[in-house]
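Could you build all of it, start to finish, from the sequences and the hints given here?
Now for the letters of each chain:
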Amino acid sequence: MRNQTATQLLFEMSRPGRGTIVFPESDVPDATSLPAIDSAFLSVAPLPLPEIAEPDVVRHFVNLSTLNMSVDSHFYPLGSCTMKYNPKRHERLARLPQAATSHPYQPEDQIQGLLSILFEMQNMLAEISGLPGVSLHPAAGAQGEFTALLTAAAYFKDRGENRTRVLFPASAHGTNPASAALAGFECVQLAASRNGFVDLDELKAQLDERTAVFMVTNPNTLGLFERDIAKVADMLHKVGGLVYIDGANMNAILGKTRPGDFGGDMMHYNVHKTFTGPHGAGGPGSGPIAVRDFLAPFLPAPIVAHDAVKNWYSLSTPAKSIGQVRTFFGNVGILLRGYFYIRTLGGKGLREASENAVLNANYLLSQVKDFLEVPHGDRCMHEFVASARKIKEQTGVTTMDIAKRLLDYGFHAPTVYFPLVVEEALMMEPTETESLETLDAFATALRAICSEPADLVKGAPHTTAVCRPDEVNAARKPVLCWSAPNC
Amino acid sequence: MRNQTATQLLFEMSRPGRGTIVFPESDVPDATSLPAIDSAFLSVAPLPLPEIAEPDVVRHFVNLSTLNMSVDSHFYPLGSCTMKYNPKRHERLARLPQAATSHPYQPEDQIQGLLSILFEMQNMLAEISGLPGVSLHPAAGAQGEFTALLTAAAYFKDRGENRTRVLFPASAHGTNPASAALAGFECVQLAASRNGFVDLDELKAQLDERTAVFMVTNPNTLGLFERDIAKVADMLHKVGGLVYIDGANMNAILGKTRPGDFGGDMMHYNVHKTFTGPHGAGGPGSGPIAVRDFLAPFLPAPIVAHDAVKNWYSLSTPAKSIGQVRTFFGNVGILLRGYFYIRTLGGKGLREASENAVLNANYLLSQVKDFLEVPHGDRCMHEFVASARKIKEQTGVTTMDIAKRLLDYGFHAPTVYFPLVVEEALMMEPTETESLETLDAFATALRAICSEPADLVKGAPHTTAVCRPDEVNAARKPVLCWSAPNC
Amino acid sequence: MKPGILKMPGFCSLLPNHWSPVIYIGHFPMPYLFDTPEQRRKMFEAIGIQSIDELFAQIPKELQLTRELTLPQPVSELTLQQEMEQRLGQGGTSLKTCFLGGGVYDHFIPAVVDEMTARGEFYTAYTPYQAEASQGTLQAFYEYQTLITQLTGMDVSNASLYEGGTAVSEAVFMAMRINGRHQKVVFAATLHPEYRRVLVTYFARLGTELVELPHTNGVIDPAKCRAVIDSETTAIVIQQPNFFGCLEDVAALTEIAHEAGALSILAFDAVSPGLLKKPADYNVDIAVAEGQPLGTPLQYGGPLLGIFTCRTEYMRKMPGRLIGKTTDRKGKDCFALNLQAREQHIRRDKATSNICTNQGLLALRTTVFLATVGPLGLKQMATLSHQKARYAADLLTKIPGVSLKFNQPFFREFVLQTPLPSADVLPALAVRGINVGPDLARFEISNVKDWQNCFLVALTEKRTRSEIEHLAKALTEVLKS
Amino acid sequence: MKPGILKMPGFCSLLPNHWSPVIYIGHFPMPYLFDTPEQRRKMFEAIGIQSIDELFAQIPKELQLTRELTLPQPVSELTLQQEMEQRLGQGGTSLKTCFLGGGVYDHFIPAVVDEMTARGEFYTAYTPYQAEASQGTLQAFYEYQTLITQLTGMDVSNASLYEGGTAVSEAVFMAMRINGRHQKVVFAATLHPEYRRVLVTYFARLGTELVELPHTNGVIDPAKCRAVIDSETTAIVIQQPNFFGCLEDVAALTEIAHEAGALSILAFDAVSPGLLKKPADYNVDIAVAEGQPLGTPLQYGGPLLGIFTCRTEYMRKMPGRLIGKTTDRKGKDCFALNLQAREQHIRRDKATSNICTNQGLLALRTTVFLATVGPLGLKQMATLSHQKARYAADLLTKIPGVSLKFNQPFFREFVLQTPLPSADVLPALAVRGINVGPDLARFEISNVKDWQNCFLVALTEKRTRSEIEHLAKALTEVLKS
Ligand SMILES: Cc1ncc(COP(=O)(O)O)c(C=O)c1O
Ligand SMILES: Cc1ncc(COP(=O)(O)O)c(C=O)c1O
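Residue numbers (numbering that gives the first Met the number 0), protein chains in the order written: chain A, 0 to 486; chain B, 0 to 486; chain C, 0 to 480; chain D, 0 to 480.
Just so you know, the hints here were simulated from the structure itself, not pulled from any lab data.
Bear in mind the structure is a predicted one, so any value in this text is a computation, not a measurement.
No incorrect hints appear here.
The list that follows gives simulated cross-link-like pairs (lysine to aspartate or glutamate, EDC-like), each with its CA atoms no further than 20 angstroms apart: (1) A:Lys457 <-> D:Asp327; (2) A:Lys347 <-> D:Glu53; (3) A:Lys389 <-> A:Glu423; (4) C:Lys331 <-> B:Glu11; (5) C:Lys41 <-> B:Asp377; (6) A:Lys237 <-> A:Asp207; (7) B:Lys476 <-> C:Glu312; (8) A:Lys309 <-> A:Glu107; (9) B:Lys389 <-> B:Asp369; (10) A:Lys230 <-> A:Glu201; (11) A:Lys368 <-> D:Glu53; (12) D:Lys60 <-> A:Asp260; (13) B:Lys347 <-> C:Glu53; (14) B:Lys457 <-> C:Asp327; (15) B:Lys237 <-> B:Asp157; (16) C:Lys60 <-> B:Asp260; (17) B:Lys309 <-> B:Asp108; (18) A:Lys391 <-> A:Glu422; (19) B:Lys309 <-> B:Glu119; (20) B:Lys309 <-> B:Glu107; (21) B:Lys156 <-> C:Glu208; (22) B:Lys391 <-> B:Asp454; (23) A:Lys230 <-> D:Glu61; (24) C:Lys472 <-> B:Asp26; (25) C:Lys329 <-> B:Asp469; (26) C:Lys329 <-> B:Asp407; (27) A:Lys237 <-> A:Asp198; (28) B:Lys237 <-> B:Glu160; (29) D:Lys223 <-> D:Glu258; (30) C:Lys41 <-> B:Asp439; (31) C:Lys479 <-> C:Glu468; (32) D:Lys329 <-> A:Asp454; (33) D:Lys60 <-> A:Asp227; (34) B:Lys389 <-> B:Glu372; (35) B:Lys347 <-> C:Glu67; (36) D:Lys397 <-> D:Glu468.
In structure tokens:
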């Protein structure tokens, strides 16, 4: 039933002279009194964009979409990504005119509704994190990290300190070191781990007056809560450093514990994960940060302020702000969806969401641990990391093979080969918005795969449109865009 | 990649205690001063509706949708149905508040915009048909037929005539006789045809003072323009009868000729076909009728009238109206889409649409006629009827087999076994919104199928989720709804 | 449509050279067409023609239209959008607080319903004739039929009729097929006046006698019914809650009908089974409803959804499409149209109805709606609507001179009588941002005094306490001035 | 959330008996959760726990929150919808006629764009890491990359960055990686002031000297550029048309940069290639843009779309994700992430950028947008915007005392100077239903006199002649009073 022609490339579908009328003819006379643009600035050749009739545009994208797995269509237990249900009510609400079409330079008196909501969102994120200073500005988690590190740098500079090093465990997400480097810090990775936790001794050995920030994901990327996190924070604070909590895993602890309560000084949220963004096939996200009071004056601009007397919302710049890290206010479209989510669940609902996320993960763990090694024990937070190391030794079937074979069963694969500290890692995060039935079906499939003939699994996927793109050759001679056959 | 669990029946997915909060708690106190409803009227048991969490509702319907072919995803050359592209702009415009949410009892001063558009639509349909009296009231083509016949009946009654018979050719669509019967007429089917056209001699023989209406589709259901239609009309008018044009095939003749110009006294439009409804997997449609001036006083109520002096639009009832055939004004949501379509194309565009519909059909005919019999010649209007009679004789492969096999190639099947006057009929209507490439790909597939091994074709479809439902047994012991396994 | 950018004098000077006017003038592509001139040539050749006109030579020359249709000039998507935002962008129920009733209501529609039914695979498909290419639609409609039987308690539901009013008339036709009586139909005076109008249009011409059962204080008195119904009566048509919002003794009326060998046809409020008895509890034979409250936007009254259900024994006499479960060649469960032999495309003039295109997409909306709100949600809808109606009635009847027209319990709407003509009251309320109604003067309803001072007030779960209180305040004001 | 219907005193009496309160009290299901009590028991058993608390014992007791988060009470979908319609239902660009510019614009978005990107398979998927389960996304992004190279004439496009401003800074980082120079970056004073702010935030701390190229009458004088750029300069950053709407001699500036071994980075208006030269025509090394005008709604400035392109030779130094065409095991063409070794999840602190989540859905919007409008549509957009801007400038400068700040040709926006402070003029225009701006006083822009009396006026294809004339009339009025 596949429509083959509709998934040709747009460029192959193009025929000169086709197309759709979208715009009207001009209704204004030419302003002949004004000088014309010099021809040196004018286009020298027609743009080679494809010409496609609207009906074919539609058929193309409708058919393309069906080549995707997605939360709307499939269980998608991608660890570290919190692929929870994206409520349809959010999409409708985000289309309301003031939300969808406000111009960033529109006067404040025309957008009081929107600003009031963003103000509430700041407060809600402060409450959830236990960190009072919030900036909604960063575009995604990675930019949140970067922004928070700049904030920390400004704080240290303001105190006349020259702290140059950012530390993180080996299990850290790649954005942690990348953001630290971008912010001009020296990166120090802690090699060791104590059963998946930060090794306090190694940490201690690395701490000194050069230490600026220790970045740690909590729950960490193994799905474990860093039980010594308070001690870690003490150690950092003793040497004058700060603790950065990578909040990618906040979905495990909403209303159960707060970064500000367990020693974090700064954190980012991934609104597209924890507060169900959605993910958009790779974005957009939103990465607000929350910081302790003494860091708040350094937060990026703008912040929404509220004059309670006049009941007036306006943009403001913190006293010692690091400035802007992007154009305009922030990823408002995603922040609003996060706001709708928090409003829908309330405090109790957020806690229940986390409880169920953790319950689902532990249940799934209980169902797979007898046929799949789970190196870090049989308790986890919202996700856990299994390992196909033994299977690989025995049969040659790798984590990648298992991941691909799951697609044949109608399930998206878990995150594979991350975190780097676990061999043949399979990182599973079911989220709270999946049913017991789905978890059981998934576990059953996984169990079946683990005892299927190695050839079958290594040949997977068998039911998808394509099977195992050759990435090695692709990287050698990259083809990154279509070009007309004759040139 | 199929998600199997998501396409379980809703009822199988249900678990007691699941569900979604849609509504808030009550914000009003109980009006204790009013008597309560007697318990005799109150529900005696909880409704057995399924309880499903919202995320699973979404996954269910998203996955179900992918088991359909549709215009948005596939070429859908279903004859007589005009499966043309459904413009996305219509969907957006139909959501505008006055269009989507006006209550039928809302005062006229609040819906002047909507009424003015419906008024224009009446005028546009009058112009396109050449018949000045228009009612937008009927819910679909079949109801249009019924309504027009009642209108004719009222007209005859008003003239003191007792005309009891409605005539139609054997190639007529099933709704024609069904509507005539519903309206209380005696049905007379003309058996013969002259190469697909109405046989004037037979018609003549049937005409007398009992004749009320002759219903004819033009272009007819063989895709031919009834070339003697003017003569036919003359014959009818001579005996005091009326000519009803079934407008299902209007897509062939927009701006090229008009029912009012070729002798029709009444007609219906299928807005969901000609003016790209859309079809909605079986509706809703809209079946406005257009009639000659002398029939206009009998049209159903309400009609939109315009007071040009006050520039005021209001609902009105024609002088001798037959009354209402349904609740409220009409299928406004579909009428609006038709209006948007006509506005987008204008007079020239509608003509070009018909020209291209006819061009595409003739091109497709030219591409299939060498391997598939086309009994009524190698010229057609917007559709043509091929026959697999010879193939069936030679190989046993039937029209149904070919239709099913087309699905494997990623094409929806043509209309099959209609009209009844062609053996093993395959009725193909490509519409104007398909490209040459698509027509070529379809013809190539059809050609391939016609020379495939009979077993392969008779076993088709091979790539769909199911293959040849058993309709015979199903009709013997119908299972028309799910029931809980234990009762 | 010609490219305006090239028509403006003096503007050509601004265009880069390569944009030579010839490319676009006279060949501005129509929005949904494909053929390029070159492709056209190829097609002409394959067909063996020189021009499009040759194809239209099938139409006798003297019948051909020699001018262009007189229609508004074509418009671009942008222009149409801007114009329609002007003309349709304001208004609808959101313009004023909506207390309008009379068969369709301003209920809430969860976003899930809109999003799922906006999938092209659903709304751009045709009637599911090719089962293998339509399993999505077929399963959804099978689910719809099941949900409607769960809602009504009836045995069988079809896959939709046009709307509530035609469903009533189709039910009467079906009753005639069942008991062979064509002479007489008895209907309650409390039936929706538009349903009644449709009945008249459908049956007047056929010589069927339509007998109105008068009401007493807003409801039908079963005792009076007994006097009217006889052995020639096909069926009795009742509405629950009735057009006035009051509750009928459907069980008693049904029993009387059955005693006379007539069928009992019930038009019910689709939301009511959330709180009230369902049709099957009254032992009726055919139950129909306007399905709009269950997920369909008002759209000025159309398209709507005709719900149609009956007892198993009458299944083969039903109008409209039916989806059945069956198995495929490999024994796999699947779905297909069933009992098609009843339908017009097979049975033609002997068909059980002339309906072809039905209300598929609205049936899908209702399927998604019921799956989303579930039994708890439907109960909430019904209970909230009822509770708010009670609160509104209580507040409004405290206004001097204002009373309930009928001293009866009601479900979610009620007839209010005021000292002034509704023709004055309703516009005055509209000025205050409130729509109530319909004004009952617009209908031909017999046996009611002071009709011109009466109107309906309907409540749904959407109306808030402050809106209700605002209505009471506004009405007080209006009646004072 | 407790079931209100049960909380109201006296109301229980209305409920049918079977609705015993115990079913709902305390177990009103949360909207997106599934587990029934029975299922929970089953899961507890499988895990080997008695209560949820045991799972959270991983968190030291003293760190656990012992109270509920202080957040607004949960709300139903209906309540949220009603509240948000109140708070967000009015406003946006439709509130006033929008002549606002400054990097994002009120362009038209065809319905096709909204409908296609509303498909759940696109917007609820993650970054396409599993190629076989993401061919839809991957092909669409490959098409996006191609469309952007066609638009710009550049060799390579990535799959998006956050937005135009960060794209500029990422381009500077990339230039540093290419020529190894970190000391100095030269940027045009005519660069968007928010892009410049981002540059400062990104590079100030790194000790990079940021040198502003002053403008002369609204554009950069290449001669003056030569004096500033030197062998320590990483790159020059130019904007075309610049922030004032004027056209820069990008070719000359690029040549000067290249002579000094510096790279030329161009931020261009994404619509401009419809009428003006494309970035590659100027021989620049890196071209970036804010992609919002091509199909993304304004959303108060985010999410937006960072377009990022460069020459082939710099491909491996690019930031962000890249989709490549390749073949699968059976030799079939397909798509997959490519050159991932540049990215943070592989290269970590040595990555070419820290970006992970990018702007996928906006890239998809732009893909659908460009496929829909095609080359003709883009040309129309650019030409109409330009023509209307000219008409507006012509009308407005006929008002006494009003003039173009810079005597330069412009593309689609221009700086207008009036005799009054913009802080007074803009609100007065807003009262008359018009938004213009931004007021240039809000930015730190050097070297301009009477800045406080200046503001931007931007045009798109959406603005009609009568709106432009209304603006002229309104401004005349405002300046008179
Ligand atoms: C643990 C962790 N940290 C940081 C990030 C980066 O966040 P973003 O993708 O929003 O930039 C991710 C996202 O994958 C993550 O999983
Ligand atoms: C020729 C013809 N007449 C009438 C009809 C009935 O129209 P509708 O389905 O709108 O009731 C159809 C629809 O299939 C048709 O093809």
